[in-house]
Each structure stands twice: as structure tokens, then as C-alpha cells.
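Participant: Here is what each chain is made of, one letter per residue.
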Amino acid sequence: MAKGLDVGTSFIVLAEEVAKGKVKYKDFRDAFYVVKPATPIATKMIEKGLSGKTFVKDADGSFIILGKDAIEKAVERNDSAKRPMYKGVVSSKEKDARRILTYILKEVAGAPAEPNEKLVFCVPAQPIDQEDEDFDVGYHEDVIVKLLSEVGFAARAINEAEALCYSELENDDYTGVALSWGAGMVNVCVMLNGEPVVKFSTTKSGDWVDRMAAVATGETDSVVQAEKENGDFTIGQPNDNQVLAAVASYYDRLIDYTTKQLSAALDGHKSLPKFKDPLPVVVAGGTSKAKGFVDLFAKKLEENGFPLLVKEVRHAADPLHAVARGCLIAAQVM
Amino acid sequence: MSDSVIITTNLLLYVTAFILGYTIGRIKQNVGEQLTETNRGFFKPEAKQKKLVKIDEKKFVTEVSAYTLQKKGKDLGTNVVIEDNVNSAVSKLTLLKKK
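Chains as they are written, first to last, in this note's numbering: chain C, 1 to 334; chain Y, 1 to 99.
Worth flagging that the hints you see were computed from the coordinates, not collected in a lab.
Where hints are given, some of them may not hold.
These stretches of chain Y come out as covered by chain C in the derived footprint (C-beta under 8 Å, 3 or more residues) [claimed, not checked]:
no.	stretch
1	2-8
2	77-83
3	86-96
Restraint-style ranges between C-beta atoms, simulated for each label pair [claimed, not checked]:
no.	chain 1	residue 1	chain 2	residue 2	range
4	C	D277	Y	V53	44 to 50 Å
5	C	D172	Y	K72	45 to 51 Å
6	C	S51	Y	V80	20 to 26 Å
7	C	P273	Y	K98	16 to 22 Å
8	Y	N87	C	G110	44 to 50 Å
9	C	R77	Y	K54	37 to 43 Å
The beta carbon of each residue, even a glycine, is placed where N, CA and C say it ideally should be.
Make a model of the complete structure from these sequences and hints.
Facilitator: The following block contains the structure:
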């Protein structure tokens with residue numbers, strides 16, 4: 001038995017094979033919102049109001065609402081939900097966030113089916129566009145390994161985009177390019193016959209779109225996120241809803257920025273082999289689900305001088321689960 | 001003695017003196033180089049430079065207990081089962097990794 005775990009800034013997804021030809025995915029929105037009651041009566045009222053929601057009670061009496069319920073509660077209060085992770089990694093400075101992430105991961109991963117069950121989880125690559133002291137992949141990996149080991153898993157880390165390659169490049173002899181567009185960052189992997197040759201990340205993705213659109217429209221990030229996920233918009237096209245119009249515009253800029261970074265990073269890269277055939281480029285992740293994303297991304301790749309020959313640009317078969325699926329495959333191979 | 005004999009003798013003397021001086025100079029230079037090499041080998045500064053000793057500065061992962069969080073509401077996350085055969089991917093990748 002083995003499990004795959006996508007530990008993302010916005011979603012945590014567990015993948016496990018429950019029967020031959022059947023994979024179970026457990027999706028959890030990686031968010032929390034703290035409500036601190038002022039009086040004992042308020043405590044009872046809040047607890048009653050939270051019935052049917054996902055939440056925990058802390059030792060100090062406060063309620064921590066988890067998952068999509070946290071975002072709904074934050075929107076209700078015209079506030080923003082918090083995240084236990086920021087830009088793909090857990091921060092060493094945020095003790096509370098680590099405590100909540102520990103709880104969430106233990107609940108999502110559950111108990112191992114057997115002692116030392118193999119579990120592969122994903123970690124981001126080092127970003128090429130930002131040097132942040134708080135961005136420490138090694139520390140992030142150590143934290144996750146430690147807490148999963150406590151539960152009884154034999155946990156190992158894999159690069160997020162590498163996992164995406166394992167999930168999506170089976171029919172291409174595991175040769176191609178994969179981009180995982182998460183909330184916090186975009187992870188990139190170039191693979192040749194199952195071996196990753198180049199891995200890196202950029203630090204602007206869906207959260208950046210939310211933040212910029214929120215600033216432009218005067219809304220909170222959570223409101224923008226909710227509008228973005230439930231509203232109807234196409235990237236690069238005008239929209240009557242001002243929030244969605246801003247989102248569509250910032251999406252355009254994000255894709256332009258990322259393709260420029262991608263081209264600059266790969267142009268003349270020493271580790272790149274000479275590919276004999278044009279490569280498939282696969283995109284996945286929640287940010288890539290917007291309408292018009294793949295078409296605009298393909299267009300921008302060409303416009304911004306992507307240095308490799310491209311056979312096709314395609315969406316992963318299941319963009320939200322592809323990384324977890326790749327982790328599951330890696331866990332079964334290892 | 002004729003002038004030509006005097007000139008030839010002087011010329012020979014000059015050439016001999018030059019060759020002697022050149023030879024002595026080269027010998028002395030070699031001795032100096034050997035000493036320098038010996039010194040370099042003795043202290044092994046090159047070897048010291050290659051063997052970089054680094055301290056492990058990885059952040060220590062402190063204990064964080066989540067036991068104070070008391071589960072109250074419903075279970076975390078939503079489950080979905082998808083018809084998906086990952087075995088062919090696993091087999092193909094296993095073969096590739098063995099190569």
C-alpha cells in the first residue's frame with residue numbers, strides 16, 4: 001500500500017488506490033479562520049452556529065474553522081481566511097500555522113494501512129524570481145516528514161512538477177515539460193525519459209491574481225477568491241463584474257510574466273539536453289482552470305520566445321488531482 | 001697576435017661567460033622551485049581548500065503539538081473515487097528507472 005499527498009498552499013489532496021483501477025482522492029481546502037468568543041454565552045452561541053461545519057476548539061476557548069467553511073465565514077465577516085502555508089512552504093515564524101497544518105495533515109492523511117506505509121508528498125522547487133529568507137524548502141520538508149513519521153508513515157518528498165510529469169507524461173515516454181499552477185507559485189519541471197533535468201519555480205500565481213484584484217477593487221482576498229472560483233469569466237476578455245474584470249486582466253499579466261520567466265530560465269540552460277522531437281507541455285493546478293487559460297498560455301509561450309520546440313500544450317486530465325496522482329505513482333515505484 | 005685572433009678569443013670568453021652564467025642561473029632557479037613545491041606539499045594548502053567543512057545550518061524542527069485542538073465539527077475534506085488505473089504508469093516508470 002502507498003499514498004500520495006499534494007501539500008499545496010490552497011489545497012491538500014490525498015490520493016490512494018482503494019481497489020484495482022480505482023483511486024480515491026480526499027480534497028481539503030487549506031485555510032482556517034479563528035473566532036474568539038468574548039463571553040461564555042458567546043461561546044455557546046458560536047458553537048451552535050458552527051454545527052455542520054468543520055472546526056476545532058482550541059485550549060484558549062477560541063474556535064478554528066477549517067477548510068472551505070473558513071473561507072465562507074471570512075467572507076461573511078468581510079475578512080480574509082488565513083493559510084497555514086505561504087507560497088508553497090510552511091513558515092518557521094508562524095507557530096500557530098504549523099500547529100494547524102500539523103492537525104490538518106494528520107487528519108487528511110489518516111492512519112497508515114500498515115506500519116511504515118510509503119507516502120510521497122510534494123514540495124516546491126527553489127524560486128528563480130525571489131530570494132526570501134523565510135522560503136526554506138528544506139525546513140518545510142523536514143516539518144512534513146516529522147509529522148507524518150509521527151503518525152507512522154515512511155514519508156518522502158518529491159518535487160511538485162516532477163510529480164505532475166509522472167502523472168501526465170506516460171504516453172510521451174515521460175519526456176516533456178510540466179507546469180503546476182498552484183495558489184502560491186508555479187512549479188516547472190523538464191523531464192527526459194523519466195529523469196527530471198530542470199526544476200524551478202516562480203512566486204506569482206493565483207494568490208497574486210487575488211491580491212492584485214483585491215487591491216484594485218477594494219475587496220478582500222477571500223471575496224475575490226470566492227468570486228473567481230464561482231463566477232464566469234474568460235481570461236483577457238471584458239466582464240461586467242468589476243472583480244472578475246480585474247481577475248481576468250491580472251491573469252493575462254500573470255501568464256505573460258510566467259512565460260517570460262520560463263523562456264529566460266530555459267534559454268541556454270546547461271542541463272537541457274538536445275531533444276530530438278517537439279515536447280508536450282502539460283499544465284495543471286487550480287489556477288490553470290480558468291477559461292481561456294491553456295490557449296493564452298500557448299500563445300504567450302510562442303510570443304515570449306520559449307526556447308524548446310512544442311508539440312502541444314494541454315491540460316492535465318484532472319488538473320486538481322494530477323499532482324497527488326503523480327505522488328501516488330512515485331510512492332508505488334519507490 | 002693578429003686582431004682577428006684577439007676578437008675571436010674575446011668573443012669565445014664572452015660566450016663562455018654567458019653560458020656559465022645562464023647555466024648557474026637555471027640551476028639556482030630549479031632549486032628555488034623545488035623548495036617552493038616542497039613547502040606547498042608540506043602544508044597542503046590546496047588539499048585544505050578542497051575539503052570545505054561546513055556547519056549544518058538547517059533549521060531545527062521544534063515540537064509542535066496539535067493535541068490542544070479538540071475536534072468538534074464534521075470530518076475534514078471531501079472524498080471522491082475515480083476510475084483510474086495507475087498500474088500501467090507505475091510499470092512503465094519502474095522500467096525506465098531501472099535503465
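Participant: Hints numbered earlier in the text: which of these fail when held up against the supplied structure?
Facilitator: Hints 1, 8 and 9 are the ones this structure does not satisfy, whereas the remaining hints hold.
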